[in-house]
Amino acid sequence: MRGFDGVLVSRSSMALIERLRLSWSTLECALLQAFGLQRRLVPALVIEAPVNFPPYESEPRDNDQSDSSGFLDSIFWMAAPKKRRTIEVNRCRRRNVQKLEKVKNNIEVCQDCGRLKLKHVMCAFCYQKVVHETALVRAQIQAQEGRPHNTPPVENVVLYAGEKATEADEGKRIIERNRKRPAWFTVDS
Amino acid sequence: MHNTFPQQLSAAFIRSLLTHIHSRLLASCSLVAQSHIHSSLPLPAKNWERKNRVVYPPQLPDEPRRPVEVYHCRRQIKYSKDKMWYLAKMIRGMTFDQAVAQLQFNDKKGAKVMLEVLLEAQEMAVRNHNLEYRSNLYVAESFSSKGQYLKRIRYHGRGMFGIMDKVYCHYFVKLVEGSPPLKKATTGFDQAKEYVQQLRNRTIIHSL
Chain R
1 MRGFDGVLVS RSSMALIERL RLSWSTLECA LLQAFGLQRR LVPALVIEAP
51 VNFPPYESEP RDNDQSDSSG FLDSIFWMAA PKKRRTIEVN RCRRRNVQKL
101 EKVKNNIEVC QDCGRLKLKH VMCAFCYQKV VHETALVRAQ IQAQEGRPHN
151 TPPVENVVLY AGEKATEADE GKRIIERNRK RPAWFTVDS
Chain S
190 MHNTFPQQLS AAFIRSLLTH IHSRLLASCS LVAQSHIHSS LPLPAKNWER
240 KNRVVYPPQL PDEPRRPVEV YHCRRQIKYS KDKMWYLAKM IRGMTFDQAV
290 AQLQFNDKKG AKVMLEVLLE AQEMAVRNHN LEYRSNLYVA ESFSSKGQYL
340 KRIRYHGRGM FGIMDKVYCH YFVKLVEGSP PLKKATTGFD QAKEYVQQLR
390 NRTIIHSL
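Order-wise, the sequence lines are chains R and S.
Numbering-wise (our numbering), the first sequence opens with residue 1 and increments by one.
Numbering-wise (our numbering), the second sequence opens with residue 190 and increments by one.
A couple of the hints might just be wrong.
[Stated by the list, open to error] Below, in silico cross-link-like pairs of lysine to aspartate or glutamate (EDC-like), each with a Cα-Cα straight-line distance of 20 Å or less: (1) Lys102/R - Glu330/S; (2) Lys298/S - Glu309/S; (3) Lys272/S - Asp296/S; (4) Lys104/R - Asp296/S.
If you are wondering where the hints come from, they were derived from the structure by calculation, not from laboratory data.
Hey, can you work out the whole structure from these sequences and the hints?
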């Protein structure tokens, strides 16, 4: 008898070829499913798992398959919107008073620099002044110490131009800054 | 073999889809990029920028003084138009100083951009539009709109993908000289009455 290529083959070898073809096709389908290249008729933007109904499945279902089929059945239970939300409904939700930006009523003017500040927060400009001066003091400390991990185990005191160490500053490390003392850097008295 | 056809089809389909999307992305990228033509005077091709070029005839001595109006905008801000709308709604109708104070202490990303736009507009008003007192301004109009989006691919599980939008927005503001107009406080009942009256005022055309 003739095979698919028109080659003369015997009946038993035809059956063997047929069985080999079937097993190869099932193996290929399994591989494709594993790599996810099988093109199934599901929408592209899908979050839940797509449903797979292979028509050629002839083996009986195992126990672990019944768990997955139970999970797959449960997607018909998932909540989905029944109707499109109209723009009026959407606007009512997006623009209700709770979602609008609240106007702050705790803004006041800083007494020192005249810029705006929140009542319970330090003025940002005055803070930047302090940050700048602190950086300079730290640079002075670094210059005095020379190398890292050279800090003496004593307190520090910052003295500005024309200031002398008092007897309360005995035993403290003196850091000198050659500028006038800033108004906000008060002396402990 | 029969079963290799779907595999080839899916691979070819994915490849063609990806090339299509990449070409679309490149096209949109080129639209968003600045034009490389150098011009000494930037031509305001969009409507909002053109509003500043309106020139009125000189006013007669007995006419009331026309208040200064400045239109300013910023295009392609990397922010969502819906989120920008909340800030634009907040400063609608405020005086300039009040708006600047609120935006200064707001934590949102759009607030910083809006503050820059407002200060630029004030500078423009003082320099080019003959504004006398720089704080004698109020926000007459303030709104946001959708800019040109870039599209990207967002990968889901099981070989699924979605198309992600990289959102941009525009912000428009109109500052007018003077104090803001007083808003008439209408109750909900009055608003409902007005709505019903509007419905009643409708004419039915082609009727008896």
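Each hint tested on the structure:
1. Lys102/R - Glu330/S: Given pair Lys102/R, Glu330/S holds - Cα atoms ~19 Å apart, limit 20 Å.
2. Lys298/S - Glu309/S: holds (18 Å)
3. Lys272/S - Asp296/S: Between Lys272/S and Asp296/S the Cα gap is close to 12 Å, so the pair holds against 20 Å.
4. Lys104/R - Asp296/S: holds (12 Å)
Every hint, counting from the list given before, is met by this structure.
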